[in-house]
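Put chain B on the given structure of chain A with help from the hints.
Taken in order, these protein sequences are the chains called A and B.
Using the numbering used here, read the first sequence as starting at 25 and increasing by one per residue.
Using the numbering used here, read the second sequence as starting at 268 and increasing by one per residue.
Just so you know, these hints were derived from the structure itself, not from any lab.
Honestly, I wouldn't trust all of these hints.
Per the computed footprint, the stretches of chain A lying under chain B, defined by three or more beta-carbons under 8 Å from a beta-carbon of chain B, are [claimed, not checked]:
(1) 117-123
(2) 152-166
(3) 176-186
(4) 206-214
(5) 258-266
For each residue, glycine too, the CB sits at the ideal point set by N, CA and C.
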Amino acid sequence: MTRNLNKLLSTVAMAGMLGGAGCLGGTPATTTPPPASTVTNTGGGSAQTAPTDTTNPANAQNTASGGASNTFSHEDDSTVDPFQVLARIQEEGPPEVATRMHSCGKMKYATLGNLLTDVGIDPTTGNAMTAGGLYKSGAGALGKPDYSNRLAESAGLSTAGAVRLYDIFVAAVPGIVAAMPTQARCMVAGAPTNMFTTDGTACTMEGITCVTGSPATQQQKDLCDSAVGSSADMVGTGNNALTVGQVVAVASLMSAAHSCE
Amino acid sequence: MPTNLHRTLVAFTTGVTLLGGCLGGTPTTTSPSGGGKQTGGGEVSTGGTTTGTGTGTGTTTTKTPVDPNQVNLDARVIDYGQAARTASLKLLGELPTADDLATVKDAASYATLIDKYLADPRLARQLLSFFQDEMKVGGPATGTGTKMLPSKDTAPTYAAELVVNDMDFRQIFTGTTNTCPTLDTTTGTFTDAACDPTNGQPAVGVLTDPGVQSAMFSNLGMRRVRWLQETFQCTKFPAEFAANGGVKEGNGLYASPWPFTSVTGGADARVNFQDTSGVICANCHTTMNHIAPLFANFDAQGIYQTTIQVVVPIDKNPTAVLGDWLPAGEALSYRFQQPAPTITDLGAKLAADPATAQCQVARLWNWAMDKGEIVTDAATVPKGTIDTVLTSYTSNGYKLKAALKATFTHADYVKF
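Chain A on its own, in the form it takes in the complex (with noise of 0.2 Å):
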């Protein structure tokens, strides 16, 4: 069971790296988050951080803008690269047409976890295989702010934090499945959502409602179908028994629904 689970996030982590990844170039200058020198530092040194010591002599043929002892050069931040500019209007148009556009913004960190709660995971505990554990310890993949060195959350989806939420999701399934019919928020007036039909064999359009949070297509559920009747090797035991098939089903959707904000 463990080989097959560890073979099943291997496998996903992978087809998310060639599935997911290879768009998110398509993704403007967000996706990487600037060093810190290139949102903060106003040209001196600090008392809490001093990115650069300027009084240093070593320090002394960079830091000159003209003479040695008395002026100052600034680190090179003070600009975007044009070029990743002009590459974004070709792709997305002029600002006047772009900003009228959503883009992909990645779902920010305290949201996906209040995402998981909201499909019946918790996201504080479990082991490192766990979504709880892959979601603690992804913190940096996923882009979590670090105000300490005065870095907002970062705006965009990198490739490591596109990998982790694919595990992250389907370390989750068995868990989201199971708890989805008695989840309050899945329940159409009142009755409880399923993911399934009884016979597992496809999904409901009530269920990918759920996990993914809008309403569902059936375009949506052609292929969450599909990809249940991919696999019926079994994963997990009891009430958690899935098929592959089932897994990559739910993990999918909710992969492509959440990559974006």
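Then chain B, alone, in the frame of chain A:
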């Protein structure tokens, strides 16, 4: 098993690729409720219409230019379900309920849902997070005694409180009482509190916030000035430009409206802001140096002291004196010919500056539309895009909740 794995891999990859329309470049256009095609820009290969005369004596071809950008805009469709999902994630930090989604049928029912979200206690924690990112500060107090650093949450919490309580948002520059509140993120309840002792310096919104002053402590207080500019004006320095386009100074163009000698300089200066041999320092520092001394008395812990606390980045790091920024007789100012002798005056100037209001609305817009950081990512927002939101803000007593409503119900927001 290998066969099964292969099939699984193919199925998953297909699923991600086909379902994840939003994974493509940005921005995206999706069909209603998921999936969809990328129409974020680029060229349209079919560039016009062809008409023939049909008379048998020859044809005339007329090409009508097609603006690919307009094609992309026109390709969007209204999808209130998707809009409700992303609005819920931003305003509540959680997915919408199935029952909420079932209520959304049209513009009116969607607007009702947004009103419900704006009244939800979870809005407070989301706004705290938004303002933490905007101000790039956050986190609890650390250390003890002389090593104590104040809470970095007070400024973003104060901003969030102004929005949640539907107050004049300009108070982040002018508020004089209870500018260091706390927030119970579970209940969404704010508790008023004054900031730490300020040694006679009155509270001025977030401008005197100990957490901000501590986080932005630096040589000559320059980081504090830059924080002010980039956070609330949405542009980097230089912030001012001469009407005549500038004059040649040394190896470059001096484009500031201030007299070149209005900043400290010369061979005897501890820092020569009039240097022109590399870059023209005065292009930025004429503005910066007329502001920075206002924040010079805040120490590394963000506490206002009665003497200057920042140092000059030269040998032995001497404590700065006013002459390190400005020659004698120069008045502290927000901008050229806009004196601001105190932080209170500076706050009033910021609050009255139309660029400040536009900046705040633009940041709100970028958050809603999932754009990057307006300064560091150059994710600028043309005024034309946010005109209606800006009007909602300025014509409703500068209450940012009105701007939130206008943003999340905007015609562009509900299209994908």
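Practice item. Verify the coverage statement for the region 206-214 of chain A against chain B, using a C-beta to C-beta distance below 8 Å and requiring 3 or more qualifying residues. Key: holds (count 6)
Check your understanding: Would you say the region 117-123 of chain A counts as covered by chain B, given the rule of at least 3 residues with C-beta under 8 Å?
Key -> holds (count 7)
Check your understanding: With a cut-off of 8 Å between beta carbons, are at least three residues of the region 152-166 of chain A near chain B?
Key -> Our answer is that it is violated, as 0 residues pass the Cβ test (under 8 Å) against chain B, missing three.
Check your understanding: Count the residues of the region 258-266 of chain A with a beta-carbon closer than 8 Å to any beta-carbon of chain B: does the count reach three?
Key -> Violated, because only 0 residues of the region 258-266 of chain A bring their Cβ atoms closer than 8 Å to Cβ atoms of chain B.
Exercise for review: Check whether three or more residues of the region 176-186 of chain A sit with their beta carbon closer than 8 Å to a beta carbon of chain B.
Suggested key: holds (count 4)
Of the hints listed earlier, those the structure fails to meet are numbers 2, 5, in rising order.
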